[in-house]
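S.K.: Could you put the whole structure together from the sequences, leaning on the hints where they help?
The lines below spell out each chain.
Number of protein chains: 2
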Amino acid sequence: MHFLLAKPLVEELKKTLSKEVETLKSIHKKTPKLAVVLVGNNPASVIYTNKKGEMAKSLGIEHETVVLSENPSPKEVKNTIQKLNIDNSVDAILIQRPLPRHFPEEDVLYWIDPRKDVDAFHPEQVGRLSLGLPCFKPCTPQGILELLHYYQFQPAYKLACVVGRSSIVGKPMAQLLLQENATVIQCHSKTLNLEAMTSQADLLIVAAGLKGLITADHVKKDAIVVDVGIHREGKRKISGDVCFDEVSKKALAITPVPGGVGPMTIMMLMKNTIQAAKLHI
Amino acid sequence: MHFLLAKPLVEELKKTLSKEVETLKSIHKKTPKLAVVLVGNNPASVIYTNKKGEMAKSLGIEHETVVLSENPSPKEVKNTIQKLNIDNSVDAILIQRPLPRHFPEEDVLYWIDPRKDVDAFHPEQVGRLSLGLPCFKPCTPQGILELLHYYQFQPAYKLACVVGRSSIVGKPMAQLLLQENATVIQCHSKTLNLEAMTSQADLLIVAAGLKGLITADHVKKDAIVVDVGIHREGKRKISGDVCFDEVSKKALAITPVPGGVGPMTIMMLMKNTIQAAKLHI
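Line order of the protein sequences matches chains E and R. 1 is the number of the first residue of the first sequence in my numbering; add one for each residue after it. 282 is the number of the first residue of the second sequence in my numbering; add one for each residue after it.
Treat the hints loosely; a few may be bogus.
As the list claims (entries may be wrong) - Here are the simulated DSSO-like cross-link-like pairs (lysine-lysine), alpha carbons at most 27 Å apart as the crow flies:
| no. | chain 1 | residue 1 | chain 2 | residue 2 |
| --- | --- | --- | --- | --- |
| 1 | R | Lys501 | E | Lys190 |
| 2 | E | Lys221 | R | Lys471 |
| 3 | R | Lys300 | R | Lys559 |
| 4 | R | Lys332 | R | Lys501 |
| 5 | E | Lys51 | E | Lys211 |
| 6 | E | Lys220 | R | Lys501 |
| 7 | R | Lys502 | E | Lys190 |
| 8 | R | Lys516 | R | Lys332 |
| 9 | E | Lys211 | E | Lys249 |
| 10 | R | Lys531 | R | Lys559 |
| 11 | R | Lys300 | R | Lys311 |
| 12 | R | Lys471 | E | Lys220 |
| 13 | E | Lys78 | E | Lys19 |
| 14 | R | Lys501 | E | Lys221 |
| 15 | E | Lys235 | E | Lys190 |
| 16 | E | Lys51 | E | Lys278 |
| 17 | R | Lys502 | E | Lys220 |
Claimed, not checked - Reference listing, derived: stretches of chain E covered by chain R, where coverage requires no fewer than 3 residues with Cβ under 8 Å from a Cβ of chain R:
| no. | stretch |
| --- | --- |
| 18 | 115 to 128 |
| 19 | 184 to 190 |
| 20 | 261 to 275 |
Hint data in this document are derived by calculation from the structure and do not stem from the laboratory. These numbers come from a predicted model, not from an experiment. Note that beta-carbon positions come from the ideal geometry of N, C-alpha and C, so glycine has one too.
M.R.: The structure is reproduced here in structure tokens:
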């Protein structure tokens, strides 16, 4: 049994990304800069935003958090982003989610210039991904693939099953697996016989957002299992969409929660920021 | 056994679309107009372009074919399309494929204004489809869904298998099926055990481009089978990706080739053209 721990890859990525930043600075006189727009003061959002800032700083990436705490209108947020779009010193922009409910989600997807859209939420980016054109790859699915590659698991020719069809994880995950020549089953809340689908998969990726959804019965012997879920139980314990104890006995490899997929997402955000900076040299 | 013949639906669509055109003309003083750009004089392309023109005419849609036969440069074609983009009388534009090989396919996708892009090839349209936002739906997959609905087959809760992953059929088909709450298996040329996948499907959609790929052994008893393939054998006979004779004995329903999917595609082009015209009133 292999535990697909993010930590060794994260350490490696920190080194390579720092070097890339160093090269951009010394050869191209370009310091990559990430701007995070934080609306309101949701405590979890503040924590996530700070984490992104700290990681950026540790890699030599410049970082700015634009805090709009006084209940701003969508127009004010849009104006702020438009200033960042035309600011040549800013390479990458993201809006920390969730936004207040009254924000027009469809419009928001268009606010960030696609060339700075490191979360890859802009419809044009989503389309480019589906078409297999060069683009920013959504951070979580990209992080999962890098983690699999790092541990020498290649999706090509495998039967992969993705549980979940969100725009952030499930759908782009299926697209990326398809591009790597996996055969892909996409399951979701309306799948009638989930176990019949998941139990066939050589590679099972679970992004359903339901604690403990996947038991040992759902998993093929010697499958590779990736758990995208994060659920807090009480103050300390964090668990995923997969019943780790029983599934880990049956799987060939499994990502732990925490310490698996989560840390990869932020690293891919840094990678995309550096990619964006390269577009601007 | 049901034969999913396009004809009765095509006749119905002709009536409803003609009425819509009539309403646009009488109430909104708007005549929908489709412009087709034909590069070179490939005989098949000329035939397809003529067919589109005839269908448009029969529905009261204005139609223009811009023929660029003298080996035009990509820049010339782009300029032609830009004129159509800003021409307020033109609601819908398509470029007849295939284009000459030296045309930069990625650039071409961006030439047509997304609001006039009735083939839905623009990356923004592709992204909007994946995100479930209002958009033009690619003609062939949309036509398949309308055909299924017409014969009272709903994809929801079914296990669907799509064979093929092209940007024109396979990928958008999977997206649309997912939106209708089917569970979707996407297979392709790198799928190791195709039969094990296809034979599970309640709804099997074959867009592989390989004559006779799907035999009775590939099909679950009482499955619904949709054949997107078109292969010419000699002068008269046309067949599909599915071995019709043997599969039709096992399936609950099947589209014939010709007379199944093919005629739906052009009707959906007309539907998208009217949708585009509505954007411009």
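S.K.: Against this structure, judge whether each hint is valid.
M.R.: Hints and how they fare:
For the hint linking R/Lys501 to E/Lys190, the alpha-carbon distance of about 21 Å falls within 27 Å, and the restraint holds. Between the alpha carbons of E/Lys221 and R/Lys471 the distance comes to roughly 23 Å, so the proposed pair stays at or under 27 Å and holds. Taking the CA atoms of R/Lys300 and R/Lys559, the gap is about 14 Å. The hint holds against a cut of 27 Å. A C-alpha spacing of about 36 Å is found between R/Lys332 and R/Lys501, which places the hinted pair above 27 Å, so the restraint is violated.
A threshold of 27 Å between alpha carbons decides the hint, and for E/Lys51 with E/Lys211 the separation of about 24 Å falls inside it, so the pair holds. A distance of roughly 23 Å separates the Cα atoms of E/Lys220 and R/Lys501; the hinted pair therefore holds under the 27 Å criterion. For the hint pairing R/Lys502 with E/Lys190, the CA-to-CA distance comes to about 23 Å; that is within 27 Å, so the pair holds. A hinted pair counts as satisfied when its Cα atoms are at most 27 Å apart, and R/Lys516 with R/Lys332 qualifies at roughly 19 Å.
With a C-alpha separation of about 19 Å, the suggested pair E/Lys211 and E/Lys249 falls inside the 27 Å cut-off, and the hint holds. With a CA separation close to 43 Å, the supplied pair R/Lys531 and R/Lys559 exceeds the 27 Å bound. Restraint check: the Cα-Cα separation between R/Lys300 and R/Lys311 comes to about 13 Å, which is no more than 27 Å; the hinted pair holds. With a CA separation close to 21 Å, the supplied pair R/Lys471 and E/Lys220 stays within the 27 Å bound.
Distance check on the hinted pair: E/Lys78 and E/Lys19 sit about 34 Å apart at the alpha-carbon level, beyond 27 Å; violated. Distance hint between R/Lys501 and E/Lys221 is fulfilled; the C-alpha atoms sit about 26 Å from each other, no more than 27 Å. Using a Cα cut-off of 27 Å, the hinted pair E/Lys235 and E/Lys190 is violated, with the two alpha carbons roughly 32 Å apart. With a C-alpha separation of about 23 Å, the suggested pairing of E/Lys51 with E/Lys278 holds against the 27 Å cut-off.
Note on R/Lys502 and E/Lys220: the hinted pairing holds, with a Cα-Cα distance of about 26 Å set against a maximum of 27 Å. Coverage of the stretch 115 to 128 of chain E by chain R holds [criterion: at least 3 residues with CB-CB distance below 8 Å; count 7]. Under a criterion of three residues with beta carbons nearer than 8 Å to beta carbons of chain R, the stated coverage of the stretch 184 to 190 of chain E is upheld, 6 such residues being counted. Coverage of the stretch 261 to 275 of chain E by chain R is violated. Counting CB-CB distances below 8 Å, 0 residues qualify, and the rule asks for three or more.
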